[in-house]
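Trainee: The lines below spell out each chain.
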Amino acid sequence: MPNPILLIAVALGTAFLLGLLEERRRRLAWAISLAALAFLSWVPATWLLALATGQAAPVEILTAGAPPPFAINLRLGLAEAALTLLVNLTGLLTTLYLKDRLLDLGRRAMAVLLVAVMALDGLILTRDLFNLFVFVELTAIATAGLLLLSDDARALAAGFKYLMVAQFISVLLLIGILFAYHAGGTLNLDGLAGAPSVLGAGQGWILEAGGGFAFLLMFVALVAELKPFPANGWALDIYESAHPAFAALFAAASGTAALFAVDKLLTIGGSEWLGAATAIGLATFLIAHLCALPQDNDRRLLGYSSVAQTGLVLVGIGQRDLLGDRYFFVAFGLLAAHAVAKAGLYWLSGLMAERGLSAWAALRGQPWLILAFASFLALLTGLPPFPGFYAKWELIHHLAGADRLAPLGLILLGTLIEAGYLFRWFGYVIKRPPPASAPLPCPIHQALPILVALVGAWGLGWLWGELSGQTQLLLTWPLAFALLFLLLEWLPSWVKNTLAIAGLLAFFAATYDYYDPLRLIFALIFLVGGAIILLAGYATSGQRTGFYPSALLMYAGLAILVLAEDSFQFFAAWELLTIGSYFLILRGQAAEPHALSYLLFSLGGAFLLLTGFALAAQGAPQLALADLGGVPASLSGWVFVLLAIGFMTKTAALGLHVWLPGAHAEAETDVSPMVSGILLKAGLFGLFLLLMHLGRQQLYGIELTHVILWIGALTALFGNLLAAFQEDAKRLLAWSSIGQMGYALFGLALMNHLGWLMALMFVINHYIYKSMLFLSLGGVAKRTGTRDMYRMGGLITLMPLSFIAVLIGIIAISGVPPLSGFGGRWIFYNAILDTEARLPLVILFFAGPIAFLYLFRLIHTVFLGQLKDEHRRVREAPFWILLPQMLFVALLIAFALVPGVALRQVDGYIARFFPDGGLTWDGLSIVSHYGYWNPVSIMLIIGVIFMVVFAWLLFVNRRAQKVKQFNIAFAAERPYRPETTHFAWNFFAPYRKALGFLTLPLATRFWDTLADLLHAAGDLGRRLYTGNGQTYAFHFLAFASGLILWGLGVRP
Amino acid sequence: MKAELEKRLVTGPDGVEFEVDPLRDYYCDALPEVQRPAYLRIVEDLFNWARAESIWILGFGTGCGAIEMRPLMTPRFDAYRYGIQWRPTPRQANLFVISGYLSVKTLKRVIRSYEQMQNPKYVVGLGSCTLNGGMYFDSYNTIKRLDQYLPVDLYITGCMPRPEALLAGFLELKKLIRAGKAEGANQYAANFAWYKANQKQVIHDWDMPDYNW
Amino acid sequence: MSFDWMRIPWSLVTLFIVFNYGLLLNALIAKIAARVGRRHGIPLWQNYVDLIKNYGQRTTISHGVHFYLGPVFRLTGGIGLLLFVPTLYGSAYFANLSFAGDLILALYFVFFGTLGMALGAGESGHPYAALGVSRGLSQVTAAELPFALAVFAVALQYQTLSVTEIVAAQQGGIHHWTLFTNPLAVAAAMLSFLGSMMRPPFDLVLAPQEIPIGPPTEYHSSYLALLQTNRAIFPIAKVVIYMNLFFGGATNWPVFFLKVFLITMVSVVVGVVSPRFRVEQSIRWFLIWAVPIGILAILWV
Amino acid sequence: MPSNADPMSLAGVHARLQALFPLGDLAPRRAGLAFVDLPATCAPPALSHLRDREGFGHLVLLTAVDWLEEELFQLTYLVCNREARLDLGLRVRIPREPARMESIHDIWPTAATYQRELREMFGIDFPGSPRLDEAFILEDWRDIPPYRRDFDTLRFARENFAERPGRETWDPASHMRQRLYPEANPGMDPSVPGDRS
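Protein chains in written order, with the numbering used here: chain A, 625 to 1676; chain B, 271 to 483; chain C, 252 to 552; chain D, 5 to 201.
Next up, chain A with everything else stripped away, as it sits in the complex (with noise of 0.2 angstroms):
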């Protein structure tokens, strides 16, 4: 084992060393430090192992050879390591980054460097509380010098600002100091720490021997070096005018080891103090972010971002006595996801020549950088399978079970925004027009250090997936299946298609035994109609870069979905499908808007899961989902809430649907099936559980599954009113599929047996003809080139097969006999005489025809009517998009004339649920306690029937004479062109007149508004950044008067 000293021995000798060397031999000057940071990585990184293998134990540091406190010791413990190596590695792929303006600069600015690793080394290690404050001027001082080596003049201005502050803060430590050392007598930290209490070793120390008021000082000044608000508008002058690998090295690495001071001083303070880092972490993280979301300057954003993520890791120290020995688990997860994400960052802003979020398209030019950068934004957005996410779970359901629920509000209201403007760029950088300068530049160097954060992010997720004593994400099947895309992206598209339909196929026929009827029917839809719906997939030609990573993203995520047992497998599934949903949506031509309102809305709705899971879980890590019927009364209305409108986020219930319409039809044409005939499910899958474990649920005497029932029955309304004024086919399909959700959630919500087989039918039926409708309509708005239906029309002739399967699918959807729609609506007529609940009803019943309405549109406007000019070459579909459509179409003719096959098994399911009100099978007929129906006598009767009258038409009407489109009586005029006799736009004018006030946008204006106000409150925000010096110096002042005035208050 290397002895520590060496990591402040080296680094100093080292930069001695580089003062001796000429001017002129610039490259071994760089090649010594570049050496000597490599060594200095070495030795934590085997300390490291060491100590987390068992193989070591900490070491105390002796400097004077005297134990303390007569001489000051350093300590080398596993949190020790982990910081010193990630400052290090920091510090090292930092002078790796600046090759070239380090040979610029030379052997001084290497040198500084150096001292700076150093310094940010001895702050980690040191056990001594003025030899803290020694390495706190060592690293401003640093700080600056590399600031002021910088030929930006903001640059001067910012280190100016930033010596300044520091020298507040080395005033206030010092004098904290010194009255610490009268009141304690020592300035050791275990010591101070250790100092005898009536209260016990480290607790209140302070306010017995009256050292509360230089403890006070010694946490403002450490504090401030965290850049707390409102006392960190130098910090975020730095972050925007310094290099960018500058920005890095002073976001990861002082920022880590600022964080540990704060973390080391806090164990003298007692837990009083852990409330005020936790309210100064709050502050901060909610106000940096918000001040983050109007800004457009990459390098300031990712300013405010660290600002708030720091402000993050304060928050997690500050819930110390909480967590307990998952302290360091959650505190280093967090931390590192900050410090690796946004290392990584800023060295890819290191790449771009323009300031602006848009400019980052640039990176479009290689796709692995887009990786790295979705790889660092979720990693610092906590998605799985990242250490914030494991992190973010255990802080979080530790917060629930101590009742902390205003600091797990902000923490997951500060995340959605730092979401909302992370994800919003990541929009710009796949949808926006690169800027026009050459390719990206990629130096080796400059790659280097952005590849090993990459590795070291997935690293950091498998590592964490171990600690947590979770599933490890990483190592399940469908996830490693979905990142075995990433590797494979190098191959054309027809081969990743055909291995990710074995894959889904494969991995259903393996896990088949593991579902019961209800899961098997939603196993079946996600892999293996995952599957028929990848067949579109062979359209298309090329390599098709990020669609089979992002879609096999949300295949796994719903694999595991299907499969959870815990809340913790269920939620890290939830997420995965989100993001995987999001990467596929985004795609789509003009979806960045939508994809990104898609994902704030599922992330929304992922955190009030989250919320739910952790009150249910009462502090434990997790919660078997068979478990939640154990919640205790008091809290299971709260749980119901908060699960039910996370579920309800997913399937667009009213008044949360605004994404749906967007995200669905600016899809690509095989992605739009995909998340809406199958991802949708996915929220009815949790209603299904949600109710299935906690039943009818109430909260101040109302009965929730009673107001889901008006939500439900509101929802199909609108859904289908929306639905009939659309002119774009596919925003059409999208406010149906809304509608049609609303009969879902309207089923399950009755709570009874029969409701909840029209659900599951629904749930099937859906996602034959959404799916099929959405394929035939993608087909054809790529055939002709537009989504608007009054662009097209008559296109039967050209397109028989796409409208065939157009008609078929709204027949069924209809629910006109003799296809399986009238099944649904069948159960639901039987549903509906068991329930109490009458008025929603009424609702219900309005929705009903107003789909034939959307229907008639969808089908008329397109396929009949006038043909156009340009189209009157347009070909079929492609064979690949027309397969699965066959195949939807095969499918919805067996399910209706076999309903049995399906129903006759979950029906035997759902009653152990509900025991009473099922349907019984007397030979073809389905019987329930109220009707009967008869499903192949239905199919034959009419096929009989309309076979006859077919007959006897032909006979009498065989020589038909076969006429063209402006043979029409018109009046006695003739047509003047197709566009004047196609009666499309605006095909429901009427309706509008008398209806129209109700499609009203309230919900889209109401979200509208709500950004517009957080946006707002941002700008607020930035204001108070006006970048004087003087105003940075009366916000320092405020923030530590105000902080020492509340000290005091609260300990006189």
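Everything labelled a hint here was simulated from the structure, so no lab data went into it. Note that the Cβ used here is the ideal one computed from N, Cα and C, for glycine as well. One or more of the hints may lead you astray.
Straight-line alpha carbon distances no greater than 25 angstroms define the calculated DSS-like cross-link-like pairs of lysine-lysine that follow [as the list claims (entries may be wrong)]:
# : chain 1 : residue 1 : chain 2 : residue 2
1 : A       : K1586     : B       : K466
2 : C       : K282      : B       : K444
3 : B       : K375      : B       : K272
4 : A       : K1588     : B       : K277
For each label pair, taking beta carbons as the anchor points, the in silico distance ranges come out as [unchecked claim]:
#  : chain 1 : residue 1 : chain 2 : residue 2 : range
5  : C       : I283      : A       : P1502     : 30 to 38 angstroms
6  : B       : V313      : C       : I283      : 29 to 37 angstroms
7  : C       : Q460      : D       : D147      : 34 to 42 angstroms
8  : C       : Q460      : A       : W1118     : 54 to 62 angstroms
9  : A       : D1540     : C       : L550      : 20 to 28 angstroms
10 : C       : I283      : A       : V1522     : 46 to 54 angstroms
11 : D       : T67       : C       : L295      : 54 to 62 angstroms
12 : C       : W551      : A       : T1628     : 33 to 41 angstroms
13 : D       : N164      : C       : I283      : 46 to 54 angstroms
14 : C       : I283      : B       : F288      : 57 to 65 angstroms
15 : C       : L295      : D       : P134      : 31 to 39 angstroms
16 : B       : D477      : D       : G61       : 36 to 44 angstroms
Covered stretches of chain A, going by a simulated chain B footprint (3 or more residues, C-beta under 8 angstroms) [unchecked claim]:
#  : segment
17 : 1403-1416
18 : 1489-1497
19 : 1590-1596
Following the hints, complete the assembly by docking chains B, C and D onto the known chain A.
Mentor: Chains B, C and D in isolation, oriented as in the chain A frame:
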């Protein structure tokens, strides 16, 4: 030729340019054929009886004589009791009453509507104007002899004929139909070229296909 | 399962009786409307003549496959609807093919013909066809609502969805009819009935003076004949449902004829003295007058 | 004209108008209707003035007379003041060749329709008038405009429209007199065709 009927170059969604010829692409270019009566005499007789008892008039007043048609629907004359009724679309009508003078412009619309009716179909010329021009014998804009342009089954003279005369004319038409003598549609198909030539002689801007299906 | 093959000829008998009755009834209605206008009106057999005439037209045109199939859908819808509902209560043979499904089947099968016909008319490319369908669908959304509520109320009242059982529950005297046991539901349903019979003031689908004559504008000859055939069967099939649900059904043909006639007359009487609503007026009318009654009906049961 | 005429009478209008435009004398036809001649170039501003200042808000008609012998067309703009119940006709004369007049569709949009008709029937051009060349009835007319007096409508009808042979024409008055009172007009034989054509 009207601009909208001229051939035009169109770019499809796939970027390929092609030519659209409205007359060829938007209109059926088949010509009418002489339709044989039913194989069995008795069936044709039944049909002729039904045709005679169910006369559906196209609701298209071509001239001032249309004013004399209205009273037929009123209680005083009540043509419905003879199986006569009015249909708003030529597709479902059997009888075209050319009600009075026929300007060249209207003639074109009349031809179009007539051709859109289904065989068998009948034309009745109402008033002197359809017969020999009547008081419009020297007009620059009205035809003087309807049977030059369409096969006329029956004329009802007068300027104007009273509703009673119309009723008498319709009853006369019934007899013709019943006897199988009202074969105007077949006559039109058989002498199509002659009718077309006559029509085109007066209608200069012939902006439609030769036969309007 | 065993199928009683004798059902087929008996169903055909039903069909034959209803078809003839429908043709005569339509003529009678036209005659009544004429008498209101002090005319003689058409002869009673006029519909037969028109039908033969239309079948006897020598030429037809076709706008395409679905145009061709439109009337087939329509007539299939009419015949199917008639046969899915028991015509006479207590008669094993005139229960027709009602073993295939209950009331819900009938309610949803109503749309089969309408939808197929609308699509066929759509393929003609005629704007009036689409316009008529647009109006019709718009009106249906509001007009069906009170009926749906009434049906639900009746199903709740009798705790069954089987038409036969609903009729059975109304036997034993006129005071057992739903008309008297559940007058609110019947009131709502009869208002809805006005909207579904294509008579003024709710005839805006065909609206001869505005959009001559809506969806069937391009249909002629034998197509039109099929539609006329359906016109004789379909309204009666609908009225049979009303009769069974609300007016005690019928146990023999004379009662059947009488009840069907009287129920139909409700819409005729309203129709001959009413002008035409516009779409939005009609929708408002149903939502304001009929729907509240329907809501009361389901709350009252 | 006396300047002290009733300001609400046509004479008053005429007097005020005369101060602005070189007007001819007022030719009254009956109470509240009079005509006045003026040069063609003055008609649009005069109409504009009448509309905006004198309350003549309604263009009743715009019509033409073919003064073949004088090689002139006379255009009559009849405007109406509804409140005062006054009709005033402005008559202008324009040469037959080239027959051209300034359009007033910008004063009364409805004038465009009259001008279309004049264009179709008389061949008078109104440059700038909307849809001027769209025919109301004479689709693809190939002769001189039919309302010009030098157009021989009878000859045109004979040349273009097929005739039924044997058509006879009687003068209705003499024919009926002969039919009803044959003894009073012994000289006339009702069976003799009096074909005027």
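Trainee: A separate judgement is required for each hint: does it hold in the structure or not?
Mentor: Verification of the hints:
1. A:K1586 with B:K466: holds (22 angstroms)
2. C:K282 with B:K444: holds (22 angstroms)
3. B:K375 with B:K272: This hinted pair holds, its Cα atoms lying about 15 angstroms apart.
4. A:K1588 with B:K277: Answer holds: K1588 of chain A to K277 of chain B is near 17 angstroms, not above 25 angstroms.
5. C:I283 with A:P1502: 30 to 38 angstroms: violated (59 angstroms)
6. B:V313 with C:I283: 29 to 37 angstroms: Since the Cβ atoms of V313 of chain B and I283 of chain C sit about 34 angstroms apart, the hinted range of 29 to 37 angstroms holds.
7. C:Q460 with D:D147: 34 to 42 angstroms: Between Q460 of chain C and D147 of chain D, where Cβ atoms are some 39 angstroms apart, the hint holds.
8. C:Q460 with A:W1118: 54 to 62 angstroms: holds (60 angstroms)
9. A:D1540 with C:L550: 20 to 28 angstroms: holds (24 angstroms)
10. C:I283 with A:V1522: 46 to 54 angstroms: holds (49 angstroms)
11. D:T67 with C:L295: 54 to 62 angstroms: Once the Cβ atoms are compared, 57 angstroms apart, the range 54 to 62 angstroms for L295 of chain C and T67 of chain D holds.
12. C:W551 with A:T1628: 33 to 41 angstroms: holds (38 angstroms)
13. D:N164 with C:I283: 46 to 54 angstroms: holds (52 angstroms)
14. C:I283 with B:F288: 57 to 65 angstroms: Given about 58 angstroms between the Cβ atoms, the range holds.
15. C:L295 with D:P134: 31 to 39 angstroms: Once the Cβ atoms are compared, 57 angstroms apart, the range 31 to 39 angstroms for P134 of chain D and L295 of chain C is violated.
16. B:D477 with D:G61: 36 to 44 angstroms: holds (40 angstroms)
17. 1403-1416: Holds: 4 residues of the segment 1403-1416 of chain A have a Cβ under 8 angstroms from chain B.
18. 1489-1497: Holds: 5 residues of the segment 1489-1497 of chain A have a Cβ under 8 angstroms from chain B.
19. 1590-1596: holds (count 4)
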